[in-house]
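*Asks:* Here's the letter readout for the chains.
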Amino acid sequence: MSRDAILRKIDNANAVRMSSDVAAAAAALIAEPDGYRATFAPQSVYDRFVAKATSETVTATVEDIASLEALPEAVAAYIANNELVPRIALQPRDSLTELNWSGFETVDQAQMNETLAVTFADAAIAETGSLVFRTAPDAPVLLNFLPLHHLVVVRRSSILPHMEDAFDHFGTTADAQRRSLNVITGTSGTADIEAKNVRGAHGPRFMHIYCVTD
Amino acid sequence: MKQTSHQFSENVTRALAEPTLKIALDRTTTLLRTRRAKVIDAFPEYAKARETAQKIKDHTLDNLGHYLRQFEENAIASGAQVYWAATPAEARKTVTDICKAEGAKTATRVKSMLGEEIGIGEALADAGVERIETDLAEHIIQLAGDPPSHIVMPAMHKTQEQVAELFAAKHKEPSEEQDVTSLVGSARRELRAKFMNADISISGANFLIADTGSFVTVTNEGNAELTTTPPKTHIVTVGIEKIVPSLKHAAVFLRLLSRAAIGTEITQYTTFFNGPKRDGDRDGPENLHIVLVDNHRSDMLSDFLRPMLRCIRCGACMNHCPVYAAVGGHAYGAVYPGPMGSVLTPAMTGLKGSKDLPNACTLNGRCREVCPVNIPLTDMLRALRAKQFDEGMPTPMTKWALRLWGVMATRPALYRFGTGVSNMALRLLARGRGKITSVPLAGGWTRTRDLPEPEAGTFMQQYKKRR
Amino acid sequence: MDAGHDTNPRVGFFVTCIVDAMRPNIGFASLKLLEEAGCTVEVPAAQTCCGQPAFNSGDDATTKRLAKQVIEAFEPYDYIVVPSGSCASMIRSHYGELFDDDPAWRDRQRVVSAKTWEILSFLTDVMKYAPKASYAGTATYHDSCSGLRDLGVHDQPRALLGQVDGLSLVPLEGNNECCGFGGTFCVKYPELSTAIVTDKTTKIKATKADTLLGGDMGCLMNMAGKLSREGEDMRVFHTIEVLAGMADGPGICAPKLK
Chain S
1 MSRDAILRKI
11 DNANAVRMSS
21 DVAAAAAALI
31 AEPDGYRATF
41 APQSVYDRFV
51 AKATSETVTA
61 TVEDIASLEA
71 LPEAVAAYIA
81 NNELVPRIAL
91 QPRDSLTELN
101 WSGFETVDQA
111 QMNETLAVTF
121 ADAAIAETGS
131 LVFRTAPDAP
141 VLLNFLPLHH
151 LVVVRRSSIL
161 PHMEDAFDHF
171 GTTADAQRRS
181 LNVITGTSGT
191 ADIEAKNVRG
201 AHGPRFMHIY
211 CVTD
Chain Y
1001 MKQTSHQFSE
1011 NVTRALAEPT
1021 LKIALDRTTT
1031 LLRTRRAKVI
1041 DAFPEYAKAR
1051 ETAQKIKDHT
1061 LDNLGHYLRQ
1071 FEENAIASGA
1081 QVYWAATPAE
1091 ARKTVTDICK
1101 AEGAKTATRV
1111 KSMLGEEIGI
1121 GEALADAGVE
1131 RIETDLAEHI
1141 IQLAGDPPSH
1151 IVMPAMHKTQ
1161 EQVAELFAAK
1171 HKEPSEEQDV
1181 TSLVGSARRE
1191 LRAKFMNADI
1201 SISGANFLIA
1211 DTGSFVTVTN
1221 EGNAELTTTP
1231 PKTHIVTVGI
1241 EKIVPSLKHA
1251 AVFLRLLSRA
1261 AIGTEITQYT
1271 TFFNGPKRDG
1281 DRDGPENLHI
1291 VLVDNHRSDM
1301 LSDFLRPMLR
1311 CIRCGACMNH
1321 CPVYAAVGGH
1331 AYGAVYPGPM
1341 GSVLTPAMTG
1351 LKGSKDLPNA
1361 CTLNGRCREV
1371 CPVNIPLTDM
1381 LRALRAKQFD
1391 EGMPTPMTKW
1401 ALRLWGVMAT
1411 RPALYRFGTG
1421 VSNMALRLLA
1431 RGRGKITSVP
1441 LAGGWTRTRD
1451 LPEPEAGTFM
1461 QQYKKRR
Chain Z
2001 MDAGHDTNPR
2011 VGFFVTCIVD
2021 AMRPNIGFAS
2031 LKLLEEAGCT
2041 VEVPAAQTCC
2051 GQPAFNSGDD
2061 ATTKRLAKQV
2071 IEAFEPYDYI
2081 VVPSGSCASM
2091 IRSHYGELFD
2101 DDPAWRDRQR
2111 VVSAKTWEIL
2121 SFLTDVMKYA
2131 PKASYAGTAT
2141 YHDSCSGLRD
2151 LGVHDQPRAL
2161 LGQVDGLSLV
2171 PLEGNNECCG
2181 FGGTFCVKYP
2191 ELSTAIVTDK
2201 TTKIKATKAD
2211 TLLGGDMGCL
2221 MNMAGKLSRE
2231 GEDMRVFHTI
2241 EVLAGMADGP
2251 GICAPKLK
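If you read the sequences in order, they're chains S, Y and Z. For the first sequence, our numbering begins at 1 and goes up steadily by one. For the second sequence, our numbering begins at 1001 and goes up steadily by one. For the third sequence, our numbering begins at 2001 and goes up steadily by one.
I should point out that these hints are in silico values taken from the structure, not numbers from a laboratory. For each residue, glycine too, the CB sits at the ideal point set by N, CA and C. Take the hints with a grain of salt, since some may be wrong.
[To be verified] Pairs of lysine-lysine, BS3-like flavour, derived with a Cα cap of 25 Å:
(1) Lys9(S) <-> Lys1194(Y)
(2) Lys2188(Z) <-> Lys1022(Y)
(3) Lys196(S) <-> Lys1100(Y)
(4) Lys196(S) <-> Lys1038(Y)
(5) Lys1387(Y) <-> Lys2064(Z)
(6) Lys1105(Y) <-> Lys1194(Y)
(7) Lys1464(Y) <-> Lys2205(Z)
(8) Lys1464(Y) <-> Lys1002(Y)
(9) Lys2188(Z) <-> Lys1352(Y)
(10) Lys1399(Y) <-> Lys2064(Z)
(11) Lys196(S) <-> Lys2203(Z)
(12) Lys1105(Y) <-> Lys1022(Y)
(13) Lys1387(Y) <-> Lys2188(Z)
(14) Lys2256(Z) <-> Lys1465(Y)
(15) Lys1355(Y) <-> Lys2064(Z)
(16) Lys196(S) <-> Lys1022(Y)
(17) Lys1355(Y) <-> Lys1464(Y)
(18) Lys2205(Z) <-> Lys1022(Y)
(19) Lys1170(Y) <-> Lys1105(Y)
[As the list claims (entries may be wrong)] Facing chain S, from chain Y, some residues (calculated, C-beta under 8 Å):
(20) Ile1056
(21) Met1153
(22) Pro1245
(23) Thr1270
(24) Arg1411
(25) Leu1441
(26) Gly1444
(27) Arg1447
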């Protein structure tokens, strides 16, 4: 059987190299992460997140809102400014669905050519301006990928400094991570034709982030 | 793909005669080099990150058996099925069998070099499955019927104008405009429905996480998630060297991969997958199959090519290689082009069928300099030459010339005599013009370049006279 | 090495085979500057080639024989100085790969490797030498790969040339990119080598400089040969010729004036 043959070859090749305490050796390699990643003061986490998310390469826009209750009005303004139809693919999460969406058609899953979706990010990463979405029954994956306009809500308190913090935040086991953890940094882009950057390759072309400051 | 690395020289001649190829390569590699330099300059922690990444890879390779077993156990616990394939043929058979068992008719695919390596296209064809490439570049080359020419940007050999022509001919609703944004829009319209309706999705993985049994994909287009979420079954084919100990170890590489590859801090979409759909999930595949592929990686582990297993497939080495920039990826005639390919191709398919690859390199060292995991590419290419020499592969002419030169060079007096004679001969050819336009047996040089006329007498002759 | 060596060191000069055969002027310019800088220079007669062509062809047995010849001939000196980054790097950075299974030679090799220098960096970093030359012209500079990446030669030639009266230095786009010479590469793969050097001469011409300088005769010969074939009358010199005030004759591939 190939499994055993492959492992046997590997073990033979490594016979003299096996670390005695593998876990300790592995942990030691990443014991000082600040040596190999960008560092910034804890109080500047929010500023760093906004600067990165709105940078030339990430291309999102960020808007502060005072509370979740203010979200429908803010989304209404976005839809009006961009002259879109008042239809929202809304993540079926209680904190979003219980808001007052009167005046909009809301659906709980994205159609193939969905124009706009509103989803809740479970965390954000200041280092890179990224958003983290964890799969759940009320957090399907495709809502984050199908729409042309991706509107994301994130709590200011859930902006974490680094990706490693996000792993700690959710728990570092497969169970705690759920089916998938999507780390999304801006919009769908491609540089496949002559390395020219274009947005909206397959997924969203626009990302607007509502940062709830409560 | 059909390997043509044994006819490298003919491939080079053909590539150099292709007028648009150089334009495409220049436009792309120049941009990629500039962007990489800029993003690395803005990352003062780069040297430490690179050193850490190398150490993590070396540690993981030292304990590869341990980590692969750990990964397997955890992936199975999350609901995945794990397979092992020693050879490309075995990997293809595994994929074909899964497709047949599912009765699949269409498969959407996320680009992965491992997939190219094992010949995933062939596997799907054997199972009677229609293959739909979703990465934009793979979509382009699928329409054109070309093999990939770069590991990150498989359509690097195509100019914008060529892509416009191709889409106009093949897309159902091509755009009238031919700017890159319109071309991308045309591909978006073409592929949308196909994402949603495929029976099977196939992807690779950029990283395997041993302590969670997760695998990671990185894309900028978001096609990995769009591809692998709707179909009922997701097949992952991945090389065994992709493994890292934990999520936090993977984070080190995520900081390097995109910077090295395309000059951004992180890819737009980085996803950690932990098994199939769970209870209550509204989307995601019901079945997840992970195929772990060896294909000579375990052989490399026990010889001088071991450091090559650090490779994270960023493509920086080829973006900075003067040979790649001159002829592009197809000339290498193998799945992996450029410096990393010139090491991997002999390792995976044999040195005999790829004799030129380790030699067609100036050993200028730029590839190693830009490698985010510090692979000594030039040292390995040279070591492959030594292996060829030991195995008697150089032509008798080369061997004879080297031996004669070696005999002379180890006898200084004889050597002086020889250089004195050639000095005179070259001066005769120059006829006092300062340059020589044609030298017998050195036509390779003088066909396109002049050779300087040597001074009257070698240094050693002149020095002897002066003292 | 004790401190006294640095004021009046005994230097063994390694000519290199290309300088010996093609352009001895580079060798004599080197001797002049080393002596001006305070070195006592000798040219051991038992030298031929560093072995790089054999090494890069995978012939490790021949390479080892040549390396031993170099080690024996140059062991007695305080420093071994080489007018080429490529040959200096062969001795300094790559000889160490040859004697893994030969401890006696390995020890001797380590000593010789450690005291081997490329000449421009030696003059700057070790001898703190300030040149007194003048040169009328605008030059651009190509960094040869081995010197740049193996030995870190980058700032030194620029610092030295910055002190030459009348010389202005303009940057070369892609100064750190290979010229396509590659030793045996240019003979084995002439088409590829030509394609690469064509890119290089295009960038050289774009600088509008009248002079091309570098630190390796192999690369200079490649670029000068291509420029000459293209009908350019650019002057091409090894940096050391300019620094020694010995760039008054024809450049590499230029017609003889006198």
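*Asks:* Evaluate each hint against the coordinates.
*Replies:* Hint check:
no. : hint                      : verdict
1   : Lys9(S) <-> Lys1194(Y)    : 41 Å, violated
2   : Lys2188(Z) <-> Lys1022(Y) : 22 Å, holds
3   : Lys196(S) <-> Lys1100(Y)  : 40 Å, violated
4   : Lys196(S) <-> Lys1038(Y)  : 16 Å, holds
5   : Lys1387(Y) <-> Lys2064(Z) : 16 Å, holds
6   : Lys1105(Y) <-> Lys1194(Y) : 12 Å, holds
7   : Lys1464(Y) <-> Lys2205(Z) : 39 Å, violated
8   : Lys1464(Y) <-> Lys1002(Y) : 59 Å, violated
9   : Lys2188(Z) <-> Lys1352(Y) : 18 Å, holds
10  : Lys1399(Y) <-> Lys2064(Z) : 16 Å, holds
11  : Lys196(S) <-> Lys2203(Z)  : 23 Å, holds
12  : Lys1105(Y) <-> Lys1022(Y) : 39 Å, violated
13  : Lys1387(Y) <-> Lys2188(Z) : 18 Å, holds
14  : Lys2256(Z) <-> Lys1465(Y) : 22 Å, holds
15  : Lys1355(Y) <-> Lys2064(Z) : 24 Å, holds
16  : Lys196(S) <-> Lys1022(Y)  : 17 Å, holds
17  : Lys1355(Y) <-> Lys1464(Y) : 44 Å, violated
18  : Lys2205(Z) <-> Lys1022(Y) : 19 Å, holds
19  : Lys1170(Y) <-> Lys1105(Y) : 22 Å, holds
20  : Ile1056                   : 5 Å, holds
21  : Met1153                   : 6 Å, holds
22  : Pro1245                   : 4 Å, holds
23  : Thr1270                   : 4 Å, holds
24  : Arg1411                   : 43 Å, violated
25  : Leu1441                   : 42 Å, violated
26  : Gly1444                   : 33 Å, violated
27  : Arg1447                   : 32 Å, violated
In this structure, the hints that do not hold are numbers 1, 3, 7, 8, 12, 17, 24, 25, 26, 27, in rising order.
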